[in-house]
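**Q** Turn these sequences into a full structure, and let the hints steer you where they fit.
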Amino acid sequence: MRFEQIRFRAMGSPCALHLYAANAETVRSLASACRAEIARLESKYTRYRDDSLTSRLNRSAGDPRGVRVDDETAGLLDYAQTAHCESGGLFDLTSGVLRRAWDFRSGRLPSRAAVDALLERVGWQRVRWQRPRLVLPISGMEVDFGGLVKEYAADRVAELCRRRGARHGLVDLGGDLAVVGPHPDGRPWQVGIRDPQDGRRALAVVSVFRGGVATSGDYERCMLIDGVRYGHLLDPRTGWPVRGPRSVSVLAPHCLIAGTTSTIAMLSGDSGADAWLASVGLPHARVDRDGALRTHWPVSPASECPPARVAPRASVPSIR
Amino acid sequence: MSTSSKRSRQLRARRARLRRRARRKAAVAKLSPALHALTTSALALPGIAGSASAATPISEYTAEYGYSQYREDALPSSKVAPGQERERYEIDIHQLRLAAPLGQRMDVTLDLSHETMSGASPWYVDFDQQSGRVVQVMSGATIDDRRTDALLQGTYYFDRSTAALSGGFSIEKDYRAFNVGIEGTREFNEKNTTLSGGLGASFDQIDPTQDPILAPDRPGREDKQSASIFAGVSQVLSRSTAIQGTATYQHARGFLSDPYKRAVVAGTPLPDRRPDQRNQLALLARLRSHFEALNGTLHADYNYYLDDWSIEAHTFDLAWHQSIFDLLRVIPSIRYYSQSQADFYAPFYFAPRGDGLRASDYRLSPFGALSYRIRGEARIQLFELDLGLNAGYERYESDADLAFGRVTTENPGLVSFDLFSIGISGRF
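Heads up: the protein sequence lines correspond to chains Y and F, in order. 453 is the number of the first residue of the first sequence in my numbering; add one for each residue after it. 15 is the number of the first residue of the second sequence in my numbering; add one for each residue after it.
Please keep in mind that the hints were generated in silico from the structure rather than gathered at the bench. Given the structure is predicted, the values throughout are model-derived calculations rather than measurements. Positions of the beta carbon are idealized from the N, C-alpha and C atoms, including for glycine. Each hint should be verified, as a subset may be incorrect.
Said to hold, decoys possible - Facing chain F, a subset of chain Y residues (Cβ under 8 Å, in silico):
{"hint": "1", "residue": "Asp523"}
{"hint": "2", "residue": "Glu524"}
{"hint": "3", "residue": "Gly527"}
{"hint": "4", "residue": "Leu528"}
{"hint": "5", "residue": "Tyr531"}
{"hint": "6", "residue": "Thr534"}
{"hint": "7", "residue": "Glu538"}
{"hint": "8", "residue": "Glu611"}
{"hint": "9", "residue": "Pro705"}
{"hint": "10", "residue": "His706"}
{"hint": "11", "residue": "Ile709"}
{"hint": "12", "residue": "Thr712"}
{"hint": "13", "residue": "Ser731"}
{"hint": "14", "residue": "Val732"}
{"hint": "15", "residue": "Gly733"}
Claimed, not checked - Okay, the calculated beta carbon distance ranges per label pair:
{"hint": "16", "chain 1": "Y", "residue 1": "Arg487", "chain 2": "F", "residue 2": "His128", "range": "54 to 62 Å"}
{"hint": "17", "chain 1": "F", "residue 1": "Val247", "chain 2": "Y", "residue 2": "Gly743", "range": "52 to 60 Å"}
{"hint": "18", "chain 1": "F", "residue 1": "Asp400", "chain 2": "Y", "residue 2": "Ala727", "range": "27 to 35 Å"}
{"hint": "19", "chain 1": "Y", "residue 1": "Asp722", "chain 2": "F", "residue 2": "Ser303", "range": "52 to 60 Å"}
{"hint": "20", "chain 1": "Y", "residue 1": "Gly638", "chain 2": "F", "residue 2": "Leu251", "range": "18 to 26 Å"}
{"hint": "21", "chain 1": "Y", "residue 1": "Ala485", "chain 2": "F", "residue 2": "Pro346", "range": "29 to 37 Å"}
{"hint": "22", "chain 1": "F", "residue 1": "Ser303", "chain 2": "Y", "residue 2": "Ala485", "range": "19 to 27 Å"}
{"hint": "23", "chain 1": "Y", "residue 1": "Ala744", "chain 2": "F", "residue 2": "Val247", "range": "53 to 61 Å"}
{"hint": "24", "chain 1": "F", "residue 1": "Ala261", "chain 2": "Y", "residue 2": "Gly638", "range": "32 to 40 Å"}
{"hint": "25", "chain 1": "Y", "residue 1": "Ala566", "chain 2": "F", "residue 2": "Phe442", "range": "41 to 49 Å"}
{"hint": "26", "chain 1": "F", "residue 1": "Leu213", "chain 2": "Y", "residue 2": "Ala730", "range": "46 to 54 Å"}
{"hint": "27", "chain 1": "F", "residue 1": "His265", "chain 2": "Y", "residue 2": "Pro636", "range": "49 to 57 Å"}
{"hint": "28", "chain 1": "Y", "residue 1": "Gly638", "chain 2": "F", "residue 2": "Asp400", "range": "38 to 46 Å"}
{"hint": "29", "chain 1": "F", "residue 1": "Val247", "chain 2": "Y", "residue 2": "Pro636", "range": "25 to 33 Å"}
**A** Here it is as structure tokens:
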């Protein structure tokens with residue numbers, strides 16, 4: 453069996469497909485299908501293109517008729533709503549406008565008034581979401597799928613590989629990982645938990661048989677003012693950065709769930725992160741601001757994520 | 015009250031509601047409520063999760079109501095005895111299904127149906143000397159009857175198996191039946207293979223309405239019993255294709271004749287008389303194949319039937335389930351059926367048979383049938399309620415010319431009918 457690694461850039465990040473397949477031709481066709489799927493999701497949900505669905509939704513802000521969305525987007529909105537509820541309002545698809553006040557390159561704090569003015573347009577509870585119609589009632593409101601789409605894409609691509617017969621592989625979209633299946637000999641994938649100080653160094657290596665791993669951290673974008681580190685994760689309720697762990701990595705049955713869980717952990721702050729992670733009960737690793745690593749990640753094969761069990765989806769013919 | 019505390023209360027309430035729903039949905043898995051909620055939402059997304067999944071109890075309360083109108087075609091005048099009633103049966107059927115989860119590992123389903131029947135039905139077949147044709151003589155009086163059926167089934171879900179117990183009854187003015195059943199399934203091979211099996215028994219009692227003038231020799235109260243056993247295997251071949259094979263054997267004994275039918279022997283209509291035992295075997299093969307590019311699923315079924323009355327039958331059923339935007343499903347289908355006759359059957363008899371059996375019932379005659387069906391299903395989300403609407407139409411035509419082999423004399427009573435149905439279902 454042939455092992456190939458295909459590296460490329462997508463969704464603003466370095467990505468890689470680690471795939472086992474019968475021959476080079478299979479790997480090539482699999483990889484091109486994967487990249488097409490990633491490109492589809494990127495062009496659909498990016499906020500950097502005027503013709504994306506996200507831009508169309510955001511242009512509709514203030515229009516009481518809203519926009520009728522497709523099933524996939526409806527699924528993501530339902531998911532975001534669940535995450536908003538579960539996190540007590542921390543996970544919020546509308547918090548993106550706060551970035552306008554926060555320019556992390558400037559090294560200056562925004563004025564409280566500027567933040568408060570933007571807060572008027574933030575809050576999932578202000579949105580009217582009644583499948584299949586999304587209404588952003590306040591002009592200037594925005595939704596941003598950035599906190600979901602990379603993870604969702606990783607899951608979709610891993611599932612796409614499985615549907616095309618691949619059994620062994622790993623999808624890595626900028627550090628959001630989804631396992632196609634373990635190595636052909638049954639060994640798990642070894643995943644490094646990055647050192648927030650030095651992105652190239654792994655603080656720890658964990659074993660992943662299946663599911664997805666996602667990491668949230670404030671080492672990507674931040675500013676230091678008077679020795680205080682202001683991270684890029686903004687609390688949608690206050691509009692100010694949250695002082696929390698430096699990074700949190702989570703293993704979940706799906707990368708999407710891992711990403712949401714780690715994001716909420718970061719937004720829960722120093723005090724709330726552990727309680728949230730404990731309440732979710734997924735394997736995780738937390739790096740604190742002093743660089744200390746704490747893992748709740750059983751290392752034996754028994755640590756395999758519990759397989760999610762739900763009723764079969766309608767698309768699948770089931771015979772009873 | 016301040017806005018923020020009001021908002022947090024609203025959030026808490028919404029969260030509690032979503033969690034309740036998620037808990038119901040992921041009843042079997044031992045996950046934290048937050049993870050339940052996220053997992054349930056994530057798995058609803060398209061293309062994220064694989065599909066092979068263990069059988070799980072239903073997670074929501076379901077109520078379904080259906081109404082069907084069954085209308086048999088009037089017989090053409092060439093097929094009935096002169097001056098005879100040509101109108102046939104009409105049945106109105108009301109069906110109600112209620113299903114509910116019962117704890118984390120059980121669900122119960124109750125099926126109720128009520129039918130009202132009226133019209134004339136074939137009585138016996140005769141040879142009309144004048145026209146030289148074989149004609150149907152209909153039951154003179156209009157039959158009015160009602161039937162009520164009830165079936166209760168409870169299913170228990172183990173990790174890889176299910177066990178179900180059911181009991182039901184059926185009541186008509188002149189008929190009472192009571193049935194029980196037990197069945198189980200077991201999954202193997204990462205849930206890709208499912209074995210199933212079951213046993214059933216039915217105890218029936220018929221107490222024919224007496225007619226001292228037209229049919230003074232009609233039988234009195236009679237009994238029949240039947241027992242059945244089935245075994246099946248279904249196999250998921252790929253993410254889009256599954257097959258199933260099932261074998262069912264049934265043994266019936268007791269009064270198996272039709273007390274309201276007669277057969278003409280040497281010019282005299284005598285009460286229908288059939289063997290007092292019947293052994294039936296049915297072999298069913300099914301294929302389900304999903305075509306992702308078309309967003310549709312092909313259902314192809316073949317059924318082989320054989321009994322010791324010498325009836326051999328084949329059924330081919332093809333259906334296409336087309337999804338349209340996940341809101342609407344349209345299902346056109348076609349079914350072909352062909353059967354050979356029972357060995358003791360004849361349209362009429364010139365002389366009595368040595369074994370004393372006689373029956374001219376069209377259901378024991380050689381014939382073939384074609385039916386065309388179209389069904390539409392829509393799903394609507396109305397606040398917390400998941401609403402389903404469906405409507406269907408079936409046209410069924412039977413004819414001796416449609417049978418596999420050559421049929422010398424067609425039974426004039428062969429039926430053709432229209433079936434309209436509408437239904438509504440709610441999950442909450």
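**Q** Now look at each hint and say whether the structure bears it out.
**A** Each hint, compared with the structure:
1. Asp523: holds (5 Å)
2. Glu524: holds (5 Å)
3. Gly527: Holds, about 4 Å.
4. Leu528: For Leu528/Y, the interface hint holds, since the closest Cβ of chain F sits about 7 Å away, which is under 8 Å.
5. Tyr531: Constraint on Tyr531/Y satisfied, holds at 4 Å.
6. Thr534: Holds, about 4 Å.
7. Glu538: Status holds, d = 5 Å.
8. Glu611: holds (6 Å)
9. Pro705: holds (6 Å)
10. His706: holds (5 Å)
11. Ile709: holds (5 Å)
12. Thr712: Holds. Min distance 6 Å.
13. Ser731: holds (6 Å)
14. Val732: holds (5 Å)
15. Gly733: With a closest approach of 4 Å, the Gly733/Y hint holds.
16. Arg487/Y with His128/F: 54 to 62 Å: Distance hint for Arg487/Y, His128/F holds at roughly 59 Å.
17. Val247/F with Gly743/Y: 52 to 60 Å: holds (57 Å)
18. Asp400/F with Ala727/Y: 27 to 35 Å: The hinted range 27 to 35 Å holds for Asp400/F and Ala727/Y, with Cβ atoms some 34 Å apart.
19. Asp722/Y with Ser303/F: 52 to 60 Å: The hinted range 52 to 60 Å holds for Asp722/Y and Ser303/F, with Cβ atoms some 54 Å apart.
20. Gly638/Y with Leu251/F: 18 to 26 Å: For Gly638/Y and Leu251/F the Cβ distance comes to about 24 Å; the hint holds.
21. Ala485/Y with Pro346/F: 29 to 37 Å: Since the Cβ atoms of Ala485/Y and Pro346/F sit about 32 Å apart, the hinted range of 29 to 37 Å holds.
22. Ser303/F with Ala485/Y: 19 to 27 Å: Given about 21 Å between the Cβ atoms, the range holds.
23. Ala744/Y with Val247/F: 53 to 61 Å: 55 Å Cβ-Cβ, so the 53 to 61 Å window holds.
24. Ala261/F with Gly638/Y: 32 to 40 Å: holds (38 Å)
25. Ala566/Y with Phe442/F: 41 to 49 Å: holds (46 Å)
26. Leu213/F with Ala730/Y: 46 to 54 Å: holds (49 Å)
27. His265/F with Pro636/Y: 49 to 57 Å: At roughly 52 Å between Cβ atoms, Pro636/Y and His265/F fall inside 49 to 57 Å, so the hint holds.
28. Gly638/Y with Asp400/F: 38 to 46 Å: holds (41 Å)
29. Val247/F with Pro636/Y: 25 to 33 Å: holds (30 Å)
Checked against the numbered hints listed earlier, the structure breaks none of them; every hint is satisfied.
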